[in-house]
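Just so you know, the protein sequences line up as chains A and B, in that order.
No gaps in the numbering here: position 156 of the first sequence is 156 in this note's numbering, and each next residue is one more.
Add 337 to the 1-based position in the second sequence for this note's numbering, that's all there is to it.
No lab work stands behind these hints, which were simulated from the structure alone.
There could be a bad hint or two in this list.
As the list claims (entries may be wrong) - Quick list of in silico lysine-lysine cross-link-like pairs, BS3-like style, CA-CA up to 25 Å: (1) B:K394 <-> A:K214; (2) A:K29 <-> A:K10; (3) A:K289 <-> A:K145; (4) A:K289 <-> A:K300; (5) B:K551 <-> A:K57; (6) B:K347 <-> B:K366.
To be verified - Over 12 Å on every C-beta distance to chain A, these chain B residues come out as not near it, computed from the model: (7) F359; (8) E395; (9) L447.
To be verified - Far from chain A by the CB rule (all over 12 Å, computed), these chain B residues: (10) E353; (11) G355; (12) P448; (13) P451; (14) I455; (15) P456; (16) D546; (17) I584; (18) Q600; (19) G610; (20) D618; (21) I640; (22) L643; (23) G673.
In this text, a Cβ means the ideal position worked out from N, Cα and C, and glycines have one as well.
There are 2 protein chains.
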Amino acid sequence: MSRNTQWLLKSRPQGEVGRGNFEICQADKPAPGPNQVLVRNIYLLVPPSMRLWMDEKESYFPPQPLNQVMMGITLGVVEASNHPALRPGTYVNGMGGWQQWYVAQVDQLLPVAPHPEIPLAAYRTVLDVQGLTAYCGLTDVCRPKAGETLVVTAAAGSVGSLVCQIGRQLGLRVIGVAGGRDKCEWLRAECGIEGVIDYKSEDVGARLDALCPKGVDLLFENVGGPVMDLVLDRINTSSRIALCGMISTYNGGAGQSSRSLMQLVNKSARMEGFLVLNYMDRYAEVVQKLQAWILEGRLKYRIDILDGLEQTLEAMSRAFHGHNRGIQLVRISPEGP
Amino acid sequence: MSRNTQWLLKSRPQGEVGRGNFEICQADKPAPGPNQVLVRNIYLLVPPSMRLWMDEKESYFPPQPLNQVMMGITLGVVEASNHPALRPGTYVNGMGGWQQWYVAQVDQLLPVAPHPEIPLAAYRTVLDVQGLTAYCGLTDVCRPKAGETLVVTAAAGSVGSLVCQIGRQLGLRVIGVAGGRDKCEWLRAECGIEGVIDYKSEDVGARLDALCPKGVDLLFENVGGPVMDLVLDRINTSSRIALCGMISTYNGGAGQSSRSLMQLVNKSARMEGFLVLNYMDRYAEVVQKLQAWILEGRLKYRIDILDGLEQTLEAMSRAFHGHNRGIQLVRISPEGP
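Take these sequences, add in the hints, and give me the full structure.
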């Protein structure tokens, strides 16, 4: 009988997460009970905010319990089913965790019907949480008006790159801040974002001044820290800031905090945090819209896949340090049967 | 002929403002031109944010120009008038600056008609910008619902103490954070605020836990820095934070920044800055409501007056360090003729 490799969180990381925080164990492959299904994990999404789940402090999820399989956002395939609604061979999104197989109730799973011209991995990335995050964060939190200037941080990131492109579709002037020549070039050449700032090699403040001569109306913030402050220093009256994440703080960097909040007062500006969980009722509508844009070539994305569950920590490290080239996934098992 | 004592900003302060940043000069008493009026300043309001006007960086006002009379929010009396709409003897609110007399256009002045049972000084404090700030910030930015828990920082301050009391009128559970036994006692005994935390002698986090067992729904923030973070750590989902000011940062304390902004994401919370200038169209309505509450004994306030324009820096220092006992004013000249 197959063994189920599982990663259990043994201790809470201080700073960056490491191998020593986990125990790898080989459990029995689970068997589905009445009305349950057995799912084989194929893709594990590696968002930087997964680091927060490991802290004792509650984030947008309750803290990951110690000595249990690490939580994870996965796409898998039903291998065995005791429920008529989900037949074997169906792709499903679920919270499958850092392991090879898991058993779930049908209502914990979302069936996925991939379009033949779109890779399966897109359905746990751009056509899932990250697309929904980008679309709803930009439209519902920022409430943009055509012609306004939008700045996006981590602009080449999984959410940021979608926000940039959705912003263009909505008629915004889009300025993306990303790290490194490759990412900036990809944003320009592939995604069509003209105003790109490389924070690793350019003076972000001076470039913002040059690219936003009329100031900043909207900020879609993924990073926090000094770059956010440089943008806040340039916001216009009644500007709107969607706070999607603050990757610069996830490893406990207290020095990465904001010193420019007074700008919110000076400019009567609104900074609003949001979670994609707030928008699950719009899932089908938004995914359908984004899928159409992809098929029309109006929405580009990159997915960066590492092979093997044992690569998950490497994937997290890449995502943190910006070494990934696209939305970071780990492939736990092959797509085929 | 009388001389007009004027304080001119000579240099931009580093950190706290001092005498060396000013030149005092004796100008001629000005004469009103056609359609103008001559105003004698009586009260100068000393809000801590006045410190920000002195910086080169734009705040909610353009920066105070060097070598010109320092801007100031004043209440005065018309001494001579070349305009039929404002007769001599009329009290007026204006931006009269740090000086004894000034000349203004009629449309730069707001006539004040004090109620006989209310001190004149109230009309440049509680029944003016600070009342409007408190009322509109709480009602329009926080959008409170009866029964919610509101935390107010600088709760014994000029705006904070009004917010606390208005919150009670609106059926909120109000927790005020203030510094020192006297202020806390005044909030309890005079203003009827039961939940008071003395940040100078108490463990603010532990006291918030005790006083807000269901978390914090609303925050009216005047201070910024570590106390704000302790409140943010305890906000509920969909909480609303009105950012009124950040006194802890006005002297350039960069270390006073926030490390808890990720809570806005975790809790889908909204932090919104505002300026009283946004609400000038509600001035008459709000002042009338607050005046009625004062006459009914439902709204208490304290005004702390220092005598003489030369006391202005001392007044600023008191306001910064929390040594004032009430809304800080400087009396430039007597109320009478």
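Consistency of the hints with the structure:
1. With a C-alpha separation of about 17 Å, the suggested pairing of K394 (chain B) with K214 (chain A) holds against the 25 Å cut-off.
2. Using a Cα cut-off of 25 Å, the hinted pair K29 (chain A) and K10 (chain A) holds, with the two alpha carbons roughly 21 Å apart.
3. Under the criterion of a C-alpha separation no larger than 25 Å, the hint pairing K289 (chain A) with K145 (chain A) is consistent with the structure, at around 19 Å.
4. Note on K289 (chain A) and K300 (chain A): the hinted pairing holds, with a Cα-Cα distance of about 14 Å set against a maximum of 25 Å.
5. With a C-alpha separation of about 17 Å, the suggested pair K551 (chain B) and K57 (chain A) falls inside the 25 Å cut-off, and the hint holds.
6. Using a Cα cut-off of 25 Å, the hinted pair K347 (chain B) and K366 (chain B) holds, with the two alpha carbons roughly 21 Å apart.
7. Every CB of chain A lies more than 12 Å from the CB of F359 (chain B), the least distance being 24 Å, so the non-interface label holds.
8. The beta carbon of E395 (chain B) is not kept farther than 12 Å from every beta carbon of chain A, the shortest such distance being approximately 7 Å.
9. A cut-off of 12 Å between C-beta atoms confirms that L447 (chain B) is not in contact with chain A; the least separation is 21 Å.
10. Taking the minimum C-beta to C-beta distance to chain A, about 17 Å, the non-interface status of E353 (chain B) holds against the 12 Å cut.
11. Consistency note on G355 (chain B): stated as away from chain A, and its beta-carbon is indeed over 12 Å from all of that chain's, at 22 Å minimum.
12. Every CB of chain A lies more than 12 Å from the CB of P448 (chain B), the least distance being 27 Å, so the non-interface label holds.
13. Once the 12 Å rule is applied to beta carbons, P451 (chain B) is consistent with being away from chain A; the minimum gap is 30 Å.
14. Distance to chain A confirms I455 (chain B) as a non-interface residue, since its nearest Cβ pair spans about 29 Å, more than 12 Å.
15. The claim that P456 (chain B) is not at the interface with chain A holds, since no C-beta of that chain comes within 12 Å of its own (minimum 29 Å).
16. For D546 (chain B), the non-interface assignment is confirmed: its Cβ lies about 14 Å from the closest Cβ of chain A, beyond the 12 Å cut-off.
17. Residue placement check: I584 (chain B) does not keep its beta carbon more than 12 Å from all beta carbons of chain A (closest about 10 Å).
18. With a least CB separation of 8 Å from chain A, Q600 (chain B) falls inside the 12 Å interface cut-off, contrary to its annotation.
19. Consistency note on G610 (chain B): stated as away from chain A, yet its beta-carbon is not over 12 Å from all of that chain's, at 3 Å minimum.
20. The beta carbon of D618 (chain B) is kept farther than 12 Å from every beta carbon of chain A, the shortest such distance being approximately 14 Å.
21. No Cβ of chain A comes within 12 Å of the Cβ of I640 (chain B); the nearest lies about 24 Å off, and the non-interface call holds.
22. Against the 12 Å criterion, L643 (chain B) stays outside the reach of chain A, whose nearest CB is about 26 Å from its own CB.
23. G673 (chain B), annotated as away from the interface, keeps every beta carbon of chain A farther than 12 Å; the closest lies near 38 Å.
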